[in-house]
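Visitor: Assemble chain C onto chain V, guided by the hints.
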Amino acid sequence: MTEFPKLTYDILTIGETFESDEHLVTPEDVETYAFAVEDHHAWFFGPSPFGGPVAHPTLMANQALHLRHGKYIVHAGLHAKMEFTFLQPIEPGMRVRSRGRVIDKYERRGRQYMVTEYVTEDRAGTALVRGQFTQMLIPEGTRHGDH
Amino acid sequence: MAITEAIAVGQELPVLEKEPSQRRIDAYSGVRPRSIHTDEDWARQKGFRTTLAQGMMSTAYVSEMMTRFLGAGFVKGGTMSMTFVKPVYAGDRLTVRGVVKELRPESGGTRVVVAVWCQNQRGEKTAVGTASGLRG
Chain V
1 MTEFPKLTYD ILTIGETFES DEHLVTPEDV ETYAFAVEDH HAWFFGPSPF GGPVAHPTLM
61 ANQALHLRHG KYIVHAGLHA KMEFTFLQPI EPGMRVRSRG RVIDKYERRG RQYMVTEYVT
121 EDRAGTALVR GQFTQMLIPE GTRHGDH
Chain C
148 MAITEAIAVG QELPVLEKEP SQRRIDAYSG VRPRSIHTDE DWARQKGFRT TLAQGMMSTA
208 YVSEMMTRFL GAGFVKGGTM SMTFVKPVYA GDRLTVRGVV KELRPESGGT RVVVAVWCQN
268 QRGEKTAVGT ASGLRG
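In order, the protein sequence lines correspond to chains V and C. Going by our numbering, the letters in the first sequence line up with residues 1 to 147, in that order. Going by our numbering, the letters in the second sequence line up with residues 148 to 283, in that order.
Hints are computed from structural coordinates only; laboratory data are not their basis. Possibly wrong hints are sitting among the right ones.
Claimed, not checked - Below are the DSS-like pairs computed for lysine-lysine, each with C-alpha atoms no more than 27 Å apart in a straight line:
no.: 1; chain 1: C; residue 1: LYS248; chain 2: C; residue 2: LYS233
no.: 2; chain 1: V; residue 1: LYS81; chain 2: V; residue 2: LYS105
no.: 3; chain 1: C; residue 1: LYS272; chain 2: C; residue 2: LYS233
no.: 4; chain 1: V; residue 1: LYS71; chain 2: V; residue 2: LYS6
no.: 5; chain 1: V; residue 1: LYS71; chain 2: V; residue 2: LYS105
no.: 6; chain 1: V; residue 1: LYS105; chain 2: C; residue 2: LYS223
no.: 7; chain 1: C; residue 1: LYS272; chain 2: C; residue 2: LYS248
no.: 8; chain 1: V; residue 1: LYS81; chain 2: C; residue 2: LYS233
no.: 9; chain 1: V; residue 1: LYS6; chain 2: V; residue 2: LYS105
no.: 10; chain 1: V; residue 1: LYS81; chain 2: V; residue 2: LYS71
no.: 11; chain 1: C; residue 1: LYS223; chain 2: V; residue 2: LYS71
no.: 12; chain 1: C; residue 1: LYS223; chain 2: C; residue 2: LYS248
no.: 13; chain 1: V; residue 1: LYS105; chain 2: C; residue 2: LYS248
no.: 14; chain 1: V; residue 1: LYS81; chain 2: C; residue 2: LYS248
no.: 15; chain 1: V; residue 1: LYS81; chain 2: V; residue 2: LYS6
no.: 16; chain 1: C; residue 1: LYS223; chain 2: V; residue 2: LYS81
Said to hold, decoys possible - Computed from the model, here is a short list of chain V residues facing chain C with C-beta under 10 Å:
no.: 17; residue: PHE18
no.: 18; residue: ALA36
no.: 19; residue: PRO57
All values reported here derive from a predicted model rather than from experimental measurement. We put the beta carbon where it would ideally sit given N, CA and C, even for glycine.
Isolated chain V, as found in the complex (with noise of 0.2 Å):
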């Protein structure tokens, strides 16, 4: 039976790896996320520089950001850096899953830091979008403080 830990600054480990599910990129993500974000540009749902319809570039990025849950029970975090480049258009009907590794850890004015690196990929291996995130982690029973 897998077990999900807590995610402490202390049981995060560098080098660690997580994995994500493979997704199935559908044109109803992209109508969603058009609506999230306000952007319904014509080539994510219809005919673009690529031939049929790409995906937001951005689409995937949360794959990637919630790595750590398929491994953690995550009490609350804050989202701090985040990197991207772009190598290949995301297209639906693609099968897409992220691949991540804890690269840093650290603490900074009395906050703790984890800093993730890692690359989305299509079904055939083929790296559609790289990068490198950096999360805050807000321990059990503490708050951020408001801004």
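Guide: This is chain C only, laid out in the frame that chain V set:
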């Protein structure tokens, strides 16, 4: 913008205006309990005045601005690096801006590097960074 038009350092990109309502945040993040994005009580317990938009939504806004500016050269070959410096709350109004800061030869074309940022209705920057794409 037509790809044949000249691009110059210092040029401002067309501005985008965004309103991340709770309904749009719900669609982006997926509604679930114990989420600072979609559960207002939980967000308050965590020290925020209300729910927050995911920082990632601001990367989507920058992506739109860059795609409209550079077209296919951003969708394939684009880059983005963003730091989220202030929370964006449900109901905030964001302005997304960019200024060309560098033109660099690459792969027989030009990499256009743009300083990008989002600011809220109080004029506070919420996300800052750079994005780039290729122009043939």
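Visitor: Verify the proposed pairing of V:LYS105 with C:LYS223, using a straight-line Cα cut of 27 Å.
Guide: Violated: V:LYS105 and C:LYS223 sit about 31 Å apart, past 27 Å.
Visitor: Below or equal to 27 Å on CA atoms is what counts here, so check V:LYS81 against V:LYS105.
Guide: holds (13 Å)
Visitor: Just to be careful, I want the Cα atoms of C:LYS248 and C:LYS233 compared with a cutoff of 27 Å; is the pair within it?
Guide: Roughly 23 Å separates the two Cα atoms, so the pair holds.
Visitor: Holds or violated: are the alpha carbons of V:LYS71 and V:LYS6 at most 27 Å from each other?
Guide: Answer holds: V:LYS71 to V:LYS6 is near 9 Å, not above 27 Å.
Visitor: A closest beta-carbon separation below 10 Å is what the hint needs, so does V:PRO57 meet it against chain C?
Guide: Cβ of V:PRO57 sits 5 Å from chain C, so the hint holds.
Visitor: With the threshold set at 27 Å, check whether the alpha-carbon distance from V:LYS81 to V:LYS6 stays at or below it.
Guide: holds (23 Å)
Visitor: Can you confirm whether the C-alpha distance between C:LYS223 and V:LYS81 stays at or below 27 Å?
Guide: With a Cα-Cα distance of about 22 Å, the restraint between C:LYS223 and V:LYS81 holds, given a limit of 27 Å.
Visitor: Take the shortest C-beta to C-beta distance between V:PHE18 and chain C; is it under 10 Å?
Guide: At 17 Å from the nearest chain C Cβ, V:PHE18 fails the 10 Å test, so the hint is violated.
Visitor: Against chain C, run the beta carbon of V:ALA36 and see if the smallest gap drops under 10 Å.
Guide: holds (4 Å)
Visitor: Within a Cα-Cα threshold of 27 Å, do V:LYS6 and V:LYS105 meet the stated pairing?
Guide: Answer holds: V:LYS6 to V:LYS105 is near 16 Å, not above 27 Å.
Visitor: Hey, C:LYS223 versus C:LYS248, does the alpha-carbon distance stay inside 27 Å?
Guide: With Cα atoms ~20 Å apart, C:LYS223 and C:LYS248 stay inside 27 Å; holds.
Visitor: Within 27 Å, alpha carbon to alpha carbon, are C:LYS272 and C:LYS248?
Guide: It holds: about 18 Å lies between the C-alpha atoms, which stays within 27 Å.
Hint compliance for this structure: hints 6, 11, 13, 17 are broken, all remaining hints hold.
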